[in-house]
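Next come the chains, spelled out residue by residue.
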Amino acid sequence: MKLQTHAWPATYERDGEAQPRMGFFTDTSLCIGCKACEVACKEWNRVPDSPKGFTGKSYDNTVDLGANTWRHVAFVEQHKALGVAEAESLVQSASLEQLIDSTGLGTYQDGDGMRWLMASDVCKHCTDAACLEVCPTGALFRTEFGTVVVQEDICNGCGYCVPACPFGVLDKREEDGRVWKCTLCYDRLKDDREPACAQACPTKSIQFGELGDLRDRAEERLAALSDAGAENAQLYLHGDQDGIGGAGAFFLLLDEPEVYGLPPDPVDTTRDLGSTWGAVGVAMAGLGAAIAAAVIGGRR
Amino acid sequence: MAEQHPVGFQWVVEAKERGATVIHVDPRYTRTSAAADVHVPLRGGTDIAFLGGVINYILENGRHFTDYVRHYTNARVIIKPEFQDVAELDGVFSGWDREEGVYEVSSWGYAGTSGELAAGKSKQTGDVSGDIAHGAHGMKLEHGEPPEEDWDLEHPNCVFQILKRHFAPYTPEVVEQVCGVPREKLIQVAETLCRNSGRERTSAVCYAVGWTQHTHGVQNIRAASIIQLLLGNIGRPGGGIMALRGHANIQGSTDIPTLYDILPGYIPMPHPDSGDSFDEFVELNGPDTGAWGSLKSYATSLLKAWWGEAANPETDMGFDYLPRIDGDHSHYPMMLRMIDGETKGFIVIGQNPVVGSANSGLQRKALANLDWLVVRDTNEIETAAFWYDSPEIESGQTRPEEIGTEVFFLPAAAHTEKDGTFTNTQRLLQWHFKAVEPPEDCRSDLWFTHKLGQRVRAKLSSSQDPKDRPLLDLTWDYPTQGPQDEPDAEAIMQEISGRHADGSFVSKYQELKDDGSTTCGSWIHAGIYAEGINQSARKKPGGEQSWIAPEWGWAWPGNRHILYNRASADPEGRPWSERKRYVWWDEQEEEWTSLGDEPDFEPEKAPGYEPPEGVKGMDAIKGTSPFILHPDGLGWLYAPQGLADGPLPSHYEPHESPFPNLFYGERSNPTRQTYEREGNDYNPSAGEEGAGVFPFVLATYRLTEHHTAGGMSRSVPFLAELQPEMFCEVGSELAAERGLEHGGWATIATTRAVIEARVLVTDRIRPLRVGDPPRVMHQVGIPYHWGRKGLVTGDAGNELLPIVLDRNVHISEYKAATCDIQPGRRPRGPGLQALLDDYRRRAGVRR
Numbered sequence: 001m002k003l004q005t006h007a008w009p010a011t012y013e014r015d016g017e018a019q020p021r022m023g024f025f026t027d028t029s030l031c032i033g034c035k036a037c038e039v040a041c042k043e044w045n046r047v048p049d050s051p052k053g054f055t056g057k058s059y060d061n062t063v064d065l066g067a068n069t070w071r072h073v074a075f076v077e078q079h080k081a082l083g084v085a086e087a088e089s090l091v092q093s094a095s096l097e098q099l100i101d102s103t104g105l106g107t108y109q110d111g112d113g114m115r116w117l118m119a120s121d122v123c124k125h126c127t128d129a130a131c132l133e134v135c136p137t138g139a140l141f142r143t144e145f146g147t148v149v150v151q152e153d154i155c156n157g158c159g160y161c162v163p164a165c166p167f168g169v170l171d172k173r174e175e176d177g178r179v180w181k182c183t184l185c186y187d188r189l190k191d192d193r194e195p196a197c198a199q200a201c202p203t204k205s206i207q208f209g210e211l212g213d214l215r216d217r218a219e220e221r222l223a224a225l226s227d228a229g230a231e232n233a234q235l236y237l238h239g240d241q242d243g244i245g246g247a248g249a250f251f252l253l254l255d256e257p258e259v260y261g262l263p264p265d266p267v268d269t270t271r272d273l274g275s276t277w278g279a280v281g282v283a284m285a286g287l288g289a290a291i292a293a294a295v296i297g298g299r300r
Numbered sequence: 001m002a003e004q005h006p007v008g009f010q011w012v013v014e015a016k017e018r019g020a021t022v023i024h025v026d027p028r029y030t031r032t033s034a035a036a037d038v039h040v041p042l043r044g045g046t047d048i049a050f051l052g053g054v055i056n057y058i059l060e061n062g063r064h065f066t067d068y069v070r071h072y073t074n075a076r077v078i079i080k081p082e083f084q085d086v087a088e089l090d091g092v093f094s095g096w097d098r099e100e101g102v103y104e105v106s107s108w109g110y111a112g113t114s115g116e117l118a119a120g121k122s123k124q125t126g127d128v129s130g131d132i133a134h135g136a137h138g139m140k141l142e143h144g145e146p147p148e149e150d151w152d153l154e155h156p157n158c159v160f161q162i163l164k165r166h167f168a169p170y171t172p173e174v175v176e177q178v179c180g181v182p183r184e185k186l187i188q189v190a191e192t193l194c195r196n197s198g199r200e201r202t203s204a205v206c207y208a209v210g211w212t213q214h215t216h217g218v219q220n221i222r223a224a225s226i227i228q229l230l231l232g233n234i235g236r237p238g239g240g241i242m243a244l245r246g247h248a249n250i251q252g253s254t255d256i257p258t259l260y261d262i263l264p265g266y267i268p269m270p271h272p273d274s275g276d277s278f279d280e281f282v283e284l285n286g287p288d289t290g291a292w293g294s295l296k297s298y299a300t301s302l303l304k305a306w307w308g309e310a311a312n313p314e315t316d317m318g319f320d321y322l323p324r325i326d327g328d329h330s331h332y333p334m335m336l337r338m339i340d341g342e343t344k345g346f347i348v349i350g351q352n353p354v355v356g357s358a359n360s361g362l363q364r365k366a367l368a369n370l371d372w373l374v375v376r377d378t379n380e381i382e383t384a385a386f387w388y389d390s391p392e393i394e395s396g397q398t399r400p401e402e403i404g405t406e407v408f409f410l411p412a413a414a415h416t417e418k419d420g421t422f423t424n425t426q427r428l429l430q431w432h433f434k435a436v437e438p439p440e441d442c443r444s445d446l447w448f449t450h451k452l453g454q455r456v457r458a459k460l461s462s463s464q465d466p467k468d469r470p471l472l473d474l475t476w477d478y479p480t481q482g483p484q485d486e487p488d489a490e491a492i493m494q495e496i497s498g499r500h501a502d503g504s505f506v507s508k509y510q511e512l513k514d515d516g517s518t519t520c521g522s523w524i525h526a527g528i529y530a531e532g533i534n535q536s537a538r539k540k541p542g543g544e545q546s547w548i549a550p551e552w553g554w555a556w557p558g559n560r561h562i563l564y565n566r567a568s569a570d571p572e573g574r575p576w577s578e579r580k581r582y583v584w585w586d587e588q589e590e591e592w593t594s595l596g597d598e599p600d601f602e603p604e605k606a607p608g609y610e611p612p613e614g615v616k617g618m619d620a621i622k623g624t625s626p627f628i629l630h631p632d633g634l635g636w637l638y639a640p641q642g643l644a645d646g647p648l649p650s651h652y653e654p655h656e657s658p659f660p661n662l663f664y665g666e667r668s669n670p671t672r673q674t675y676e677r678e679g680n681d682y683n684p685s686a687g688e689e690g691a692g693v694f695p696f697v698l699a700t701y702r703l704t705e706h707h708t709a710g711g712m713s714r715s716v717p718f719l720a721e722l723q724p725e726m727f728c729e730v731g732s733e734l735a736a737e738r739g740l741e742h743g744g745w746a747t748i749a750t751t752r753a754v755i756e757a758r759v760l761v762t763d764r765i766r767p768l769r770v771g772d773p774p775r776v777m778h779q780v781g782i783p784y785h786w787g788r789k790g791l792v793t794g795d796a797g798n799e800l801l802p803i804v805l806d807r808n809v810h811i812s813e814y815k816a817a818t819c820d821i822q823p824g825r826r827p828r829g830p831g832l833q834a835l836l837d838d839y840r841r842r843a844g845v846r847r
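Chains as they are written, first to last, in the numbering used here: chain U, 1 to 300; chain E, 1 to 847.
Worth flagging that the hints you see were computed from the coordinates, not collected in a lab. Here a beta-carbon is modelled for each residue, glycine too, at the ideal position from N, C-alpha and C. Accuracy of the hints is not assured; some may be wrong.
[Unchecked claim] In the DMTMM-like style, the derived pairs of lysine to aspartate or glutamate whose C-alpha atoms are separated by at most 25 Å in a straight line are:
id: 1; chain 1: E; residue 1: K539; chain 2: U; residue 2: D213
id: 2; chain 1: U; residue 1: K57; chain 2: E; residue 2: E587
id: 3; chain 1: U; residue 1: K2; chain 2: U; residue 2: D216
id: 4; chain 1: E; residue 1: K540; chain 2: U; residue 2: D192
[What the hints assert, rightly or not] Stretch by stretch, here's where chain E covers chain U in the computed footprint (C-beta under 8 Å, at least three residues):
id: 5; region: 56–66
id: 6; region: 181–188
id: 7; region: 273–281
[What the hints assert, rightly or not] Computed from the model, here is a short list of chain E residues facing chain U with C-beta under 10 Å:
id: 8; residue: P6
id: 9; residue: T32
id: 10; residue: V761
Using the sequences and the hints given, assemble the complete structure.
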């Protein structure tokens with residue numbers, strides 16, 4: 001599976017600075033929704049608070065990723081059968097063998113399945129990162145770890161990257177006009193430390209490491225969950241066949257991406273720029289020929 | 001557990017990954033439920049009925065661990081013939097004195113014993129520790145032997161048969177009616193526990209303060225203990241009952257107590273009636289046999305640590321210097337005494353009672369009647385600001401000018417700004433180092449206490465009054481360090497750990513002497529500074545040692561990680577199974593050995609040891625009796641002494657309940673402490689006039705994002721924004737019934753208060769079918785974190801609650817009151833009181 005982008009790590013190899021590509025594997029099946037990642041991120045990176053008030057969206061009051069929210073935990077309340085592990089569990093076998101006559105009272109809980117999905121979202125650090133492609137100042141760059149970082153002292157706030165991001169991650173901070181997002185704790189990585197969110201995560205839902213290793217680990221984990229009966233469990237942005245060439249931060253989800261508010265089929269918004277320019281060129285050439293013909297014809 | 005202890009919950013997640021089945025029993029569907037295999041919602045306040053159903057399942061189907069139960073528990077002990085159970089007396093045990101509201105407990109005792117309590121008393125008032133401690137630490141038994149036993153467990157009055165009869169009514173059908181738990185679900189849980197227990201497997205029970213905050217809280221935990229003892233899950237790896245505390249160091253503040261009725265290491269506080277002399281105190285408060293048989297050594301070493309040379313025969317080893325406790329001085333009675341004008345001053349450290357305690361309005365009323373109040377906290381919390389910012393001031397009921405209390409707010413250092421320890425649920429002490437100096441005037445609690453002691457002593461230095469001697473004679477000579485003259489926390493830990501006469505460090509509690517030649521500030525912590533090393537500061541990573549991790553921190557006592565771990569071996573001293581090998585008897589070496597833990601037993605006591613006539617202390621504990629803190633060395637399925645409300649857990653309805661007791665006539669725990677007084681009226685319960693005014697069950701609780709009463713989290717922007725407003729959680733059926741709009745506002749009322757909250761309609765709160773005949777019942781969930789200070793504010797949920805206490809531990813019933821809920825915001829100004837008055841009138845509460 002390909003790890004490199006069209007320029008990385010080649011640009012760093014000249015000076016021997018290239019590092020293995022680092023990333024996040026966020027295994028949402030282990031997330032307990034404690035939000036320690038959100039808090040640790042803000043503490044370490046000095047991200048301002050962004051109070052949105054009571055939203056009523058389950059326990060989610062940060063709502064979305066943005067300039068002031070670089071990790072965001074989504075909470076999805078679902079009313080459906082658990083599925084995972086239950087079929088194989090002791091409880092299930094006990095109930096099958098030991099059920100007494102259930103005549104009499106009916107209860108609301110009978111056959112009532114409730115599921116509460118929690119997932120910590122973050123910048124995907126795309127292999128084909130549109131934000132980086134459209135940035136005119138070079139503020140956005142690919143680090144030696146293969147991550148995508150905005151340099152706060154270069155960003156001029158033009159905002160081209162904001163609509164370019166297929167996930168809506170890039171966002172302008174109102175107070176200073178610049179764009180801010182997850183750096184995958186670039187400063188900590190340079191210091192050989194794991195990102196703050198991964199370190200704070202108590203249940204290893206956020207795993208940090210070399211992307212190649214994480215991808216292998218994720219495949220094993222998915223296989224185990226699928227064997228245990230998790231029907232909709234799936235890896236998201238794990239491969240390199242998707243519209244962004246794979247991500248540096250990918251996920252194991254227990255349901256479809258849309259359920260978590262994630263785009264099911266994200267596309268690098270600059271992917272078609274080349275062919276678009278080609279088409280424009282053809283059109284321009286055609287137009288030029290027509291004009292020339294008109295002018296020449298007019299002289300006749 | 002995921003909701004309040006996300007860091008600790010990592011081990012549950014890991015266990016689940018390794019194949020453990022996780023069952024969560026809770027009225028609400030929480031973050032824990034989301035991670036569990038099974039969630040069992042039940043009606044708040046019916047835990048004993050549910051657990052009783054499990055016990056009945058075990059006993060009815062013979063699923064108990066027979067060898068464990070017979071040898072290690074008091075199942076075989078025969079109880080006095082005069083003992084009568086609740087079934088015979090319509091809901092009370094024998095000895096109930098309705099006039100005085102207390103039990104006369106002598107009929108509960110082991111056959112052939114006197115059944116007397118401390119100071120020759122026989123009534124378990126529960127007000128004073130001596131009464132409880134004597135029972136809890138055990139009765140006097142000749143050479144540790146219960147006088148009458150039936151090893152076949154068949155005698156009609158042996159504990160095993162009493163237990164069987166007691167729990168026989170807890171059938172799946174009745175449990176379903178009482179708890180709203182489908183009978184199949186009860187059986188699933190019971191069967192799962194049974195299958196996962198025995199020689200090869202063990203199950204653990206984790207509970208949090210939700211179990212304690214009832215008028216029968218202690219008995220909730222007793223019921224879990226009975227399950228664990230019947231299934232052989234105590235003293236074995238993977239077993240146990242884990243008490244998850246309200247914050248990082250509640251265990252520590254119980255061990256070296258901030259409680260009024262015990263001294264460090266659970267030594268009872270002396271009572272004026274419990275003996276005039278130290279010897280008499282020891283005689284009355286400790287049994288002769290088991291580890292408590294050395295109470296005199298523990299207490300002498302404590303008195304020597306506190307008073308040094310002044311602890312001498314002239315002061316009865318310092319015993320004359322100890323204060324005497326003459327009544328219930330727990331939190332709520334203390335606050336009520338302020339209202340009555342009996343308590344004039346109050347120092348509040350790390351607590352926010354006007355948000356965290358039940359009946360906030362009454363808490364404020366108490367503060368307003370003080371002469372002075374000192375609040376030490378990291379922020380100006382509601383308790384410090386009550387005199388100018390409160391619901392009563394907002395509504396115009398009172399004005400700051402009318403409050404005479406002089407309030408001192410002293411800024412406190414945060415935990416990162418001081419050295420010290422946290423003690424976790426496994427009694428593991430972990431040292432934390434100061435990372436930064438506290439800013440400006442902020443000081444640690446240690447600094448404050450030390451300086452306060454110094455100043456008081458300086459003021460009294462010329463006093464000749466004998467009552468000042470205890471203060472002046474204290475060993476108060478701690479070295480200080482750093483820019484703020486901070487007392488050295490390690491020096492205090494050294495005092496706690498203890499020293500021999502030559503100044504060398506004590507290495508274990510067994511070295512403590514009753515002749516005054518040792519000092520020890522807390523016997524259970526003896527050896528935490530063994531060999532001059534701060535054992536709690538050891539941080540060897542888990543990957544570099546065995547899974548028991550004996551070199552990470554230090555667990556009291558004696559770094560024993562699993563208590564009563566002698567029970568992990570069979571009576572002959574062999575592991576119950578290879579899979580669960582932990583502590584066993586090494587035949588060659590003739591000593592107990594283990595995988596890496598310290599055996600919680602005398603190291604060279606052979607499994608076959610039988611105590612000879614007349615021996616005392618640990619010598620009276622048989623080689624097959626693991627529960628060394630009990631005078632008989634047995635696990636108590638049945639508690640003959642020590643509890644104010646009965647030897648066995650028995651279902652009682654919460655004090656406020658929309659349902660009658662389906663088991664017997666006595667509706668609620670007869671020993672519960674009630675306070676019928678202005679401002680603390682109770683909602684009518686089932687069968688009483690006006691009960692329909694408050695038809696819903698109410699619980700207040702916490703969320704991951706905030707810390708208890710909010711003092712440490714509402715002021716932190718990154719936490720405040722995560723749960724930014726007071727809200728309530730209701731099911732969609734109740735929302736439809738009352739017209740509550742998701743995201744809108746609701747007004748919630750009891751006879752104490754009316755508050756408002758944003759509405760979160762969620763399927764995580766479900767109606768239950770309860771009662772006989774069954775009817776639909778709704779529960780209202782109220783996170784209680786908010787108040788009027790901090791970055792995010794809101795009405796305090798605990799305004800709604802009544803003060804009504806468990807007699808054993810004086811904890812209020814936060815988890816099962818009743819309420820009404822209506823759409824819309826509450827009135828402002830005088831309208832608020834008018835609405836409350838209207839509720840009270842309709843409920844028939846007249847005062």
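Results of checking the hints against the structure:
1. K539(E) <-> D213(U): With a Cα-Cα distance of about 29 Å, the restraint between K539(E) and D213(U) is violated, given a limit of 25 Å.
2. K57(U) <-> E587(E): violated (63 Å)
3. K2(U) <-> D216(U): holds (13 Å)
4. K540(E) <-> D192(U): holds (21 Å)
5. 56–66: holds (count 5)
6. 181–188: violated (count 0)
7. 273–281: Coverage by chain E is violated for the region 273–281 of chain U (0 residues, Cβ < 8 Å).
8. P6: holds (4 Å)
9. T32: holds (8 Å)
10. V761: holds (8 Å)
In summary, the numbered hints that this structure violates are 1, 2, 6 and 7.
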